[in-house]
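S.K.: Sequences listed follow chains A and B, in order. Just so you know, we're using our numbering here: the first sequence kicks off at 1 and counts up by one. Just so you know, we're using our numbering here: the second sequence kicks off at 1 and counts up by one.
It should be emphasised that the hints constitute simulated quantities derived from the structure, not laboratory data. There may be inaccurate statements among the hints.
[What the hints assert, rightly or not] Derived pair list, reagent style DSSO-like, types lysine-lysine, alpha-carbon separation capped at 27 Å:
(1) A:86 - A:23
(2) A:88 - A:116
(3) A:116 - A:86
(4) B:535 - B:547
(5) A:32 - B:501
(6) A:166 - A:116
(7) B:313 - A:30
(8) B:313 - A:20
(9) A:116 - B:131
(10) B:313 - A:32
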Amino acid sequence: MNCEATKCQCGCDQETDQQKYEKIAEIIAKYKNQAGSLIQVLHAAQNIYGYLPLELQRFIAAGMDKPLAEVSGVITFYSFFSTQPKGKHTIRVCMGTACYVRGGKKLVDRLEDILKVQVGETTEDRKYTLDIARCIGACGLAPAMMIDDVVYKQVNPDKLETILAKY
Amino acid sequence: MINLTINNKSVCVPDSTTILEAAKQNNIDIPHLCYLEGVHKFGSCRLCVVEVEGVKNLQASCMAEVREGMVVHTNTEKVRKVRKNNYELLLSNHLQDCPSCETNKNCELQDMGVRLGVTEARFAGKTTVSKVDISPSITRDMNKCILCRRCVTVCNDIQNVGVLSAHNRGFSTVINTAMDLPLNTVDCTYCGQCTVVCPVGAIKETDEIHNVWQALSDKNKRVVVQLSSAVSVAIGEEFGYEPGTPLAGELVSCLREMGFDDIFNTNAAFDLTVVEQSTELLNRLKTTQAGNEAKLPLVTSCCSSFIKYVENKYPEELDYISTTKSPDLMLGALAKSHYTEKMNMNLSETYVVSVMPCTAKKFEITRPEMQNNGLPNVDAVLTTREVARMIKEAGIDLRNLSKNQFDQPFSLSSGAAELFGVTGGVMQATLSTVYEMVTGRELPFNKLQVTSIAGFDQTMDMELKIENPLEAYQYLDGVTIKVAVTSGFRGAEFLMNQIVKGESPYHFIEVMGCPGGCVNGGGQPRPLTLEILQKRLEALYGQSEGKATSKPNDNEVISALYKEYLQEPYSPRAQELLHTQHRKTV
Ligand code: SF4
Ligand code: SF4
Ligand code: SF4
Ligand code: FES
Ligand code: FES
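Produce the entire structure from the sequences given, and follow the hints as far as they go.
M.R.: Encoded structure:
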């Protein structure tokens with residue numbers, strides 16, 4: 001394949017939606033007649049597109065010859081699928097028992113305030129996605145949270161803005 | 001065959017029978033809520049649990065199959081306790097507003113509580129809160145859903161539409177449309193089959209009762225009501241009659257007591273529909289025989305959910321559908337034209353109510369295509385279940401009413417019209433009418449009962465060769481007319497795909513959205529079993545045979561109507577009032 005052709009013409013070095021859909025169509029064609037392959041297709045589609053919005057769900061449902069509601073049902077069943085665009089960074093606040101007891105909820109409230117999003121949503125500038133996590137193994141130093149792969153321990157809500165400023 | 005012991009009794013049942021079925025075959029009815037015989041088993045309610053000796057955990061008897069030598073106990077102390085517990089858990093996440101719920105006293109969840117001897121709800125529990133989704137036909141209140149998933153099975157596996165599915169998991173599980181979209185924005189056909197199986201009040205018809213009461217109390221309104229036989233042979237089930245008891249006469253008296261001014265028989269308009277549709281078919285045949293283009297096969301338009309289905313999935317093929325309106329809309333159009341003129345009434349004072357076995361009609365009457373003079377042909381549609389609720393509300397004792405006749409002019413109907421609600425009924429009537437128009441002879445069937453195309457099988461076809469036609473129909477001499485009949489959307493998909501590919505061998509196709517036809521419509525009484533359906537059918541066949549006129553074109557009401565007002569089939573006036581152009585709803 002000609003490498004140039006898959007690049008977006010504006011030079012931003014990203015694939016256009018159309019190119020992403022074409023790739024997804026190829027994957028659908030490959031898996032279409034395999035029983036139980038919907039999850040694989042959704043996985044691949046999310047990797048290509050980043051998330052699974054309604055339009056893409058319709059596209060996959062039509063391609064896989066499955067009812068749209070079934071596709072959407074599978075997506076909501078598994079937590080690794082997302083119907084919202086993901087931000088550049090994912091913030092996951094631990095809401096495991098220890099962290100919950102020691103102020104995890106306060107962190108979430110404050111972050112919702114600062115970022116102006118609800119849990120599960122992405123900021124308008126697509127910079128952050130706010131999520132919650134179950135125990136991330138830092139119970140001794142609760143409350144904890146992660147930004148991408150970095151774990152922050154004993155987080156003070158007042159320090160959140162300083163932490164975010166690093167990104 | 002497998003030998004096992006149920007409650008100390010040795011029994012013998014076929015292989016791969018479930019414990020629940022095995023018990024039933026031996027006259028033991030194990031309580032069950034999510035399981036629906038012949039339709040759905042999923043094992044979510046766990047009210048059907050039983051003890052199996054040697055197995056530690058209780059087994060869901062609707063899922064577990066029998067094994068050789070199994071020893072089952074269906075009614076031990078432990079079983080009763082666990083069932084009660086499971087029931088209370090179901091109840092704890094169920095919005096308990098029984099007094100104001102439409103399904104109050106017709107609710108499998110309530111009945112189960114009584115049966116299991118539950119006296120109080122012990123778990124207050126956390127309840128998930130969902131918004132209520134109201135479409136023109138169907139209302140979904142997931143706060144009452146007990147997650148039995150019967151609706152999912154019916155919508156996906158039986159109706160093949162697939163707009164409902166389980167979403168999320170664990171405590172957050174909810175039966176939903178894709179991305180929580182409102183029903184009126186997804187491919188729902190409004191067939192209402194989900195409302196028949198829902199054991200609680202979570203999926204139901206969108207209530208019109210209030211509007212109808214209001215119209216009835218408005219002194220300035222003349223309220224016209226119409227109903228068909230599919231309603232009158234089923235409504236008795238709501239009042240403890242033996243299923244299949246025909247109650248048309250009693251219903252007429254009852255509706256009169258409720259204050260309706262004119263009580264008409266939709267079956268009379270069925271005969272009109274058949275005559276118009278037959279003419280349309282002949283017109284299209286004539287055009288193609290002359291080498292010009294016309295949309296063939298002609299596809300029936302009587303079923304509202306089927307039109308919606310085509311609009312959703314085959315919008316390019318809408319022109320194949322007959323322009324003939326369905327009988328209740330025709331009657332409405334005439335009630336708001338000829339009849340108002342005759343009675344010297346003001347158009348805007350006439351309010352037309354259709355009592356139907358159907359939920360899809362509720363949406364259909366809102367279509368702009370179903371209006372004349374800027375007024376809807378029909379103002380409100382009540383399902384069989386709704387009208388039964390109104391009768392109960394009014395406190396009228398159906399059993400002590402004398403029988404009464406439908407009002408003129410829409411009183412009489414043919415025997416063929418009785419079978420309108422049964423799959424194949426429209427086809428039989430249309431075929432025989434066409435044959436008679438074309439040849440001047442009766443179709444040589446034994447009193448219209450073409451058993452080869454009526455009944456319950458999903459999709460059927462048949463051929464009819466035209467020989468020695470009348471002068472005007474010479475173009476059909478030697479032509480073999482091919483027709484197909486189906487009900488439910490699985491067969492519809494097959495037949496529509498043939499049309500899309502240009503491979504349809506047929507001239508005429510009848511489709512009903514509900515499996516078996518309107519007699520099994522989405523607005524009919526529940527719960528439904530195959531036996532009940534069979535009895536409704538027998539009643540319709542019985543009424544059909546008892547009619548003095550068997551054929552639509554012999555109905556004198558209809559001939560009078562053409563003479564007085566419509567001139568002839570497909571006349572300009574008939575086209576204006578009785579036909580429409582199907583369009584995709586925007
Ligand atoms: S009305 Fe028919 S198509 Fe719509 S959700 Fe119910 S079963 Fe499915
Ligand atoms: S809506 Fe009714 S039929 Fe569907 S899962 Fe809930 S309770 Fe069962
Ligand atoms: S088959 Fe009859 S009851 Fe069912 S949707 Fe069609 S018109 Fe309504
Ligand atoms: S509970 Fe938060 S890290 Fe374990
Ligand atoms: S009836 Fe068996 S689990 Fe519901």
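S.K.: Which earlier hints can't be squared with this structure?
M.R.: When the structure is compared with the hints, none of them turns out to be violated.
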